[in-house]
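Chemist: One-letter residues, chain by chain:
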Amino acid sequence: MPVDTRRVRGPEVSQSPLLFACKPAAVFSSHGPRADGRQRDQVDVRPVFVRCGLVSQAKGSAYMEAGDTKLMCCVYGPRETERKDDTDMKCGRLTTDMRFAPFSCPERGSWIQGSQDKDFSLMLHESLQPALCLHKYPRSQIEVNVMVLENSGSVLAHAVTCASLALADAGIEMYDLVLGCAIRQDGASYVVDPTYAEENGNGSDSSDNQGRLTLAFLPSLNQVSGLQSDGEMTEESLSAGVRTCIEGCYKIYPVIQQALAKAVRRAAPPPSES
Amino acid sequence: MAAGFKTADPLEYHRSFLKENCRPDGRELHEFRTTTVNIGSISTADGSALVKLGNTTVICGVKAELANPSVEATGKGFIVPNVDLPPLCSSQFRPGPPGEQAQAASQFMADIIESSEMLQMEDLCIERGKLCWSLYCDLICLDYDGNLLDACALTMLAALKNTRLPKVRVNGETGAPEVDLGKRRGLKIRRHPVAASFCIFDDSVLLVDPAAEEEQLATARLTVVTDEEGRLCGVHKPGGTPLSGERLQELIGRATVRQKEIHRLIDKVIKSIV
Amino acid sequence: MATVQVSEAEKVYILHGIRDDLRVDGRGCEDYRHMEIETDVVSNTDGSAKVSLGHTAVLVGIKAEIGKPRPMAPNEGYLEFFVDCSANATPEFEGRGGEELGKELSNTLYKVFNNKHSVDLKKLCISKGEHCWVLYVDVLLLQCDGNLYDAMSVAIKAALFSTKIPKVHISNDEEGGKEIELSDDPFDCMRLDVENVPCIVTLCKVGHRHVVDATLQEKACSVASLIISVTHKGTVTCVRKMGGGSLDPESIFEMTETGKRVGKALHVPLMKLLQQEESLGTRQKVGFLG
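Keeping their order, the protein sequence lines are chains A, B and C. Take the first sequence: its position 149, counting from 1, is numbered 149 in full-length UniProt numbering, and each next residue is one higher. Take the second sequence: its position 261, counting from 1, is numbered 261 in full-length UniProt numbering, and each next residue is one higher. Take the third sequence: its position 239, counting from 1, is numbered 239 in full-length UniProt numbering, and each next residue is one higher.
There's no promise every hint is true.
[To be verified] Taking beta-carbon pairs under 10 Å as the criterion, some of the chain A residues facing chain C (in silico):
no., residue
1, Val13
2, Leu213
3, Ser220
4, Ser229
5, Arg243
6, Gln257
7, Gln258
These are computed hints drawn from the structure, not numbers from a lab. Cβ atoms here follow ideal geometry from the backbone N, Cα and C, with glycine treated the same way.
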């Protein structure tokens, strides 16, 4: 077996204590109110806390909290592009990297970036790119790094919002902010901005209509920049889900605008105050 | 003007401050940056802490997993520290496997745990030769502004103080572990090792708690780890300008004072939570 | 992704054509190119299929191996996907060039199959918590001429259809341990029900309309596309927006509707074709060059 010489060695195998729990963890119920008291079948997103410009080293940064989901995003650049072989030099390049801290999920994650993280990075890239004026940054690259500190559901949706806020904080020219929202379809009902348990729960067994949907939305242009779903859904509930997510995005829009305005005000105080 | 001077000749810029016995960020030569500790903010971890040392921010999450004790030490558990310097925390770090600095920091954390005897590995044993805990301490730097080692050591200590392990017993018949996630108890932290870092500027001037820029310009760096009884748990001096014995004595003295301050701070934070 | 350079004049020509529901190769907006399917093409796999769609060619091989069930689902087997972008397809894939695309394609496949009904995973379980069948689905891209997703999903469905998993018998030996015996008879095997396996439909937004099965030239004229995987019942198992552009909500609704219609229509002739080929019994192999 290859030994990782770059890290302190632990035991060869270890298992999560969750696998041996006497009482099974509370299951996600598909009826009645949600565990955190929010409403089912309504656009009831968790209140978000956002703050810009917390990281001193980055060009722009943002921290976001929605319920227990906590994530952080830093933007570096524009700087000289690393890949010289890119044929299209007229446009800037966006790179995204999304990672989960090993302690962010109920089960410990690996140190090495898994394929799931890479998939998230790719979807983050696709959701952000339409909002950026990349043609204004020829021959350069803009790096977006997201670190998920605690995963309590709807991570991708919040990562998109957080990243667009960090890009705006970095002063990168954009057409619009990008907001994210997720829903979990469970039979005939749905929950908006699902928690980790709601996202991964099995739901009511009999129903066929089980799916997850994440949407990225440009609110002032009314454009969808990212859409991703899995599970099984009818076309009708898919379309309804897209509409619900758009509504969810509009709900957090004022909070994001305020946070950004606050960051700008702090960065450039009006001349009368100085 | 000042910004231009700083970029054009950072060394001369720093010297001009040091001549006046102060530093660019307004500190005195032997002054630490404001240190804040926040514990228990990550609910998916068994213990967690976030430490800010000026701008430098480190988060630590402790995840406990069940493992088989090694054959050489049947009555001992494992503790695996890992320091991660993701590209998010500074533009100098690249994605990929841990770099030299991260590797050295991880090893230093492991050395502190071992030499200070802060935790008895026997306490982590559940059943001799059969089952023990493996504590994964994942330290992630979120903002790199120098003095990583002090921040990491403090974060790890605070997170371990915050760690509460679920109750486990081994079923006599099946030999399988049974975990009661509802009943948890804290770890017994026997010693409180605290690190204090210094750097030497222009082969003569001593600075306490260097920021990133100072660290880069310094001719030598030194980290001293002491515990509450003033015992020296570790000294780390990776090359650079030689240092006289008296000078070292003086620094150890400064480190013990720092240990007292930090110990008080941790006690205060722990009390505020309970 | 393999791309071609298209001049502005060409773009306008393609765009205007699509506006009038007439594409460069004479197709309408919702027509597929000529598709050829052959199953059982690689003899040392448990199931295989080769699909060509226009000039796009994909080969899928499925290997069944005995593994341990995942701790979270002790009474289910599982599928593993791997997509290999051969340098034969395009020089861009040389070295590690195709790796990124391969990852992207295989991650999407995991999403497409991430539901309870596509493949009956419980049938793949041999003994609970101990042994199960793991189906390794290896996709090899032989030639890229646009619309990889659709070709790939059809090939996977065909390969799963042709997959023969040997029957196993579990016997208890004297010490109470379990022993697994594989059946010697090559005809004594388990088949998979592929009725619910979804097919992917990629819709490329070109101008104000969207087209099915875009060629590379058409893809170059489009800023965004939507991939939709649809089962024969019309259930959607995965949706994903691809490409650097954005879509307005109305066109997403139109595209999902088209995707469902086209996807449902795709399943019927496909199943018929597969059953027909099966009933022929031993037949003349066409092979790769045929």
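Chemist: Evaluate each hint against the coordinates.
Modeler: Now for the hints, and whether the structure bears them out:
1. The beta carbon of Val13/A is not positioned within 10 Å of any beta carbon in chain C (closest approach about 12 Å), and the interface hint is therefore violated.
2. The closest approach between the C-beta of Leu213/A and any C-beta of chain C is roughly 8 Å, which is under the 10 Å cut-off, so the hint is satisfied.
3. Because the closest C-beta pair between Ser220/A and chain C is about 12 Å apart, greater than 10 Å, the hint is violated.
4. The interface hint given for Ser229/A is met, as the beta carbon of that residue sits about 4 Å from the closest beta carbon of chain C, less than 10 Å.
5. About 7 Å separates the beta-carbon of Arg243/A from the nearest beta-carbon of chain C, less than 10 Å, and the hint is met.
6. Given hint, Gln257/A at the interface with chain C, is violated; its Cβ is 20 Å from that chain's nearest Cβ, farther than 10 Å.
7. Here the hint on Gln258/A is broken, as its CB sits about 25 Å from the closest CB of chain C, past 10 Å.
Taken one by one, the earlier hints fail for this structure at numbers 1, 3, 6, 7, listed in ascending order.
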